[in-house]
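Line by line, the protein sequences are chains A and B. The first sequence begins at 15 in the working numbering and counts up by one. The second sequence begins at -4 in the working numbering and counts up by one.
Hints are supplied without guarantee of correctness; some may be wrong.
To be verified - Covered stretches of chain B (chain A as the covering partner; in silico rule of three or more C-beta atoms under 8 angstroms from a C-beta of chain A):
hint, segment
1, 36 to 43
2, 154 to 166
3, 254 to 268
4, 282 to 289
Hints are computed from structural coordinates only; laboratory data are not their basis. Glycine residues also receive a C-beta, built at the ideal position from the N, C-alpha and C atoms.
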Amino acid sequence: MTFDRTKVAAERTIGVVSLVIAILAPAIFSAFWLNSILTQGLILGIGAASLIFLSAYGGMISLAQTGLIGIAGYALANMVTQRVPGGETKGLLLGWDPTLGLIAAILLTVGIGLVFGAVASRSYGIYFLMLTLTYTVIAFLFVGSVTLIGGFSPVAGVDQYTPGFIGNIVADRERLYYIALISAVFVYLLIRYVVRTPFGISFQGIRDDPVRMASLGYNVALHRTLAFGLGAFIAAISGVLYAWWFGQLSPTTMGLDATIQLLIIAVLGGLRRIEGAWIGALAFLAINNTVTNHIPSSGLPVIGGTFNTVIGFIFLAIVIVSPDGLMGLWDRMWETARRRGSPPRDVEGGEATVGATTS
Amino acid sequence: MARGAAVAVVVFAFLYVLVIANPPPEVGGDWRTTNTGSALDDPSSFLETILDGLTFAGLLFIVASGFSLIFGLMRVVNMAHGAFYLLGGYVAYEVQQRMTGSGFFLSGQDVNTFEWLVPWLVAMACIAVFGLGVQQLLLRWNQGQDLRQALITIAVSVIVADQVIAHFPRTVPLGTQKYGGNAVTISWPGWTNRLVDLHIGGVHYSLARLVVLALGVSVGIVLWLWLQKTRTGMVIRAGVDDRQMTSAIGINIQWTFAIAFIVGSALAAFGAVVSGSQSSVSQGQDGQWLLYSLVVVIIGGMGSLAGAAVGAVLYGLVFSFAVAYLPITGSDCCQQYSVVLTFALMALVLAFRPQGLFGRVA
Chain A
15 MTFDRTKVAA ERTIGVVSLV IAILAPAIFS AFWLNSILTQ GLILGIGAAS
65 LIFLSAYGGM ISLAQTGLIG IAGYALANMV TQRVPGGETK GLLLGWDPTL
115 GLIAAILLTV GIGLVFGAVA SRSYGIYFLM LTLTYTVIAF LFVGSVTLIG
165 GFSPVAGVDQ YTPGFIGNIV ADRERLYYIA LISAVFVYLL IRYVVRTPFG
215 ISFQGIRDDP VRMASLGYNV ALHRTLAFGL GAFIAAISGV LYAWWFGQLS
265 PTTMGLDATI QLLIIAVLGG LRRIEGAWIG ALAFLAINNT VTNHIPSSGL
315 PVIGGTFNTV IGFIFLAIVI VSPDGLMGLW DRMWETARRR GSPPRDVEGG
365 EATVGATTS
Chain B
-4 MARGAAVAVV VFAFLYVLVI ANPPPEVGGD WRTTNTGSAL DDPSSFLETI
46 LDGLTFAGLL FIVASGFSLI FGLMRVVNMA HGAFYLLGGY VAYEVQQRMT
96 GSGFFLSGQD VNTFEWLVPW LVAMACIAVF GLGVQQLLLR WNQGQDLRQA
146 LITIAVSVIV ADQVIAHFPR TVPLGTQKYG GNAVTISWPG WTNRLVDLHI
196 GGVHYSLARL VVLALGVSVG IVLWLWLQKT RTGMVIRAGV DDRQMTSAIG
246 INIQWTFAIA FIVGSALAAF GAVVSGSQSS VSQGQDGQWL LYSLVVVIIG
296 GMGSLAGAAV GAVLYGLVFS FAVAYLPITG SDCCQQYSVV LTFALMALVL
346 AFRPQGLFGR VA
C-alpha cells in the first residue's frame, strides 16, 4: 500500500516538474529544439495518446489513427486555404473562415471515425488491427489519387490561415508550442476524465470481457464505436495541430511509414498508460534527431540503410525486452522494488527521456 | 435496413455495368458516361474487364494465400509479408540480370523459359530460408502472444524494407540516378509476349496475363491437394483446428509451423516474381502488397484457402470493374474513387460476416 502511495507521489512529482519545465521550455531550449522536438513531440504525442487510449482502455489497437490525423489535416487544408493569385493551387481552396474550418474539420473527422468504428466494432484483437490498417492505407490512396482534394503533391500554406484566437503561428513559433502544450494537457485530462465516467468504466469492462458485458445488457458495438469516435476526436486535434505546425499536407502524412512511426511511438512509450504517448514521442524524436545527425549520407556503416533500420532494431528490442515500453519498465521497476521490500533509490529511470531533454 | 440498402447498392451496380453505362459521346457526358459502355453495347470490353479482374485475382491469390496459410496455422499476422515480397522481387531481378547478362534493356523476346524459372526458384528459396530464419529466431518463443508477434513482424518489415532500398537494385542503367529501390522489371519468357484470340466476342488477350491466371489457379490446386491429400497437409489442418490437441497426440507441431512459414514466405516471393514480370518491382510495393493481402483475407476469412480464393476474385473484379465502369462525368471524376470501392466491398462483407466470408469465429 505504501509502495503504491510512494509511486503515485513520485509520478505526481515527476509530472509537475515536467509540466513546469514544459511551461518554461521556451526560455530553456534552443529554437530548433522547441520547434522540431518539443512542439512536434507534443503533437505526435496527442496522436499516440488516441492510439493508447483505445488500446489501454478498450483493448483495441487501432492503426487508423494516422489516417484520421491525415484526414483532419486534409479537411482543414482544403477548407481554409484561399484562392489567391500566385498562391496555392492544390486542393479545393474553399477559403472558409478558419474558425469554421477548424470546427468542420474536427467534426468531419469524428464523423468518419464513427463510420470506421461502426464497421470495425465487431472485430477484435489482431483482426481489428488489420482492419484499421486498411482504413489508413485507403485514406492514403484516396487523397493521393483524388487530385481534386490534393493528389500526390502537397497542399501547402495551411499555417497562414489560423483562427483569430490562435494568431500568427508562422512568425511566432512559441505561440504554436503553447497551443500544442495546452492541447496536450487538455487531451490528457479529457482521457483521464472519460475513463472514470460510467461510459469509460463499461468500456473497460468490454475490454476485459465483451461477452459478459453484452449479457449484462450493454450495447458492446455501440460502446466500441463511440470510443472510436472519441479516439478520432483526439486524432483530429493532433491532425489540425500537425497541419499548422508543418504548414503543408501530403499523402505521406498518412502513409505506411507514418502509421508504423505512430505505432512505434506508442509502443516505445507503452501501450498501457496514457503518459507513455508523450514519453514515446519525445524519445522517438530525440533518437531520430541524434541518429540522423550521425549517419553519413552513404548510409549506416557496414550494413547500410538509414534511420529506419536503426529505429526498426530499437523497436524490435523494445517489443522483445519490454512489450509495455518505457512506462512498462517504470512499472516493473516498482514491482521489483516492492518485492524486495524497499523503495528504489533511483526514481528517474522511467522518465529518463524527459530528463534527457533538459541537457 | 442497412442490409436492404447494401443489397440495393449491389443490384444497382450490376444494372449499371450491364445496361445503364454509356460510352463517351463526342462532347459532354453525364452520370451514365463511362470509358467502355455497358456490357450489352460492348461485350468484348466487358469480357476483357472480367479477364483483367481474374488475372489480377490470380496474382492476389498467390501472395495472399501465403499470408493466410501462416495466419491460419500459427495465428501469426505476418506484417513483414510485403517486405518478403519486395525482397523476393529484387532477388529474382538480380538473378535474371546475372543470367542473361544483357543489361537493362532486356527485351522479352530474349529471355527463354529457363531464364525465368531459375530466378523464380532462387527467389522463392531465398525468401523461404529468410522467412524460416525470422520464424525460428523471433516468433518461436512467444507463441500465443499474437499482438507481440505482429509488432515483431512490423519491426522486421521496417528493417527489411529499409535494407532493400539501401542495397537494391545493385546497379542502375547509365545516366540514371540510383536512389535506392528503383523500379525494375523482370522479363517473362519470350513466348508469352503475344495476344491470344479467344474466339469469344473478338477478344485478343495477352498470353502473359493468361499465364498469371493459370499460375494462380495452379497454386490453388497444388495447395488444396497438399492440404487435403498428404499427411503433412492433414497435420496442418489438424493444427489449424486445434493446436494443443494436435501436439498432445504426439505430432511435432513446431516442425509443421516451420513448413507453413517456409511455404507462406515462398509464396510471397512467387507472387513478387510474377507481378514483377507483369509490371515492375519498386520500393513502396511492400506496403501495397501487405494491404492487398490484408484486404483479401479480411474479405475471405483468415486462414481459409477457399476464403483467400474468393476474396482475391472479389477484390480483383471490383478493382477492374471500378477502373472500367466508374462514370467519367468530368475531367476529374470519378475513376479515382475506385479506392473507395475497396473500402465499400470490405464494409459490405464485414457488415454481414465480421469474420469474413469463409472465416470461423475464433
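Check of the segment 154 to 166 of chain B against chain A for coverage (Cβ-Cβ below 8 angstroms, three residues minimum)
Answer holds; 7 residues pass the 8 angstroms Cβ test.
Given coverage of the segment 254 to 268 of chain B by chain A, checked by CB-CB distance under 8 angstroms (3 or more):
Result for this restraint: violated, n = 0.
Chain A covers the segment 36 to 43 of chain B, three or more CB atoms within 8 angstroms, holds or violated:
With 0 residues in contact (Cβ-Cβ under 8 angstroms with chain A), the coverage given for the segment 36 to 43 of chain B is violated.
Taking beta carbons only, do three or more residues of the segment 282 to 289 of chain B come closer than 8 angstroms to chain A?
The restraint on the segment 282 to 289 of chain B holds, since 4 of its residues have a Cβ under 8 angstroms from chain A and three suffice.
Hints 1, 3, counting from the list given before, are not met by this structure.
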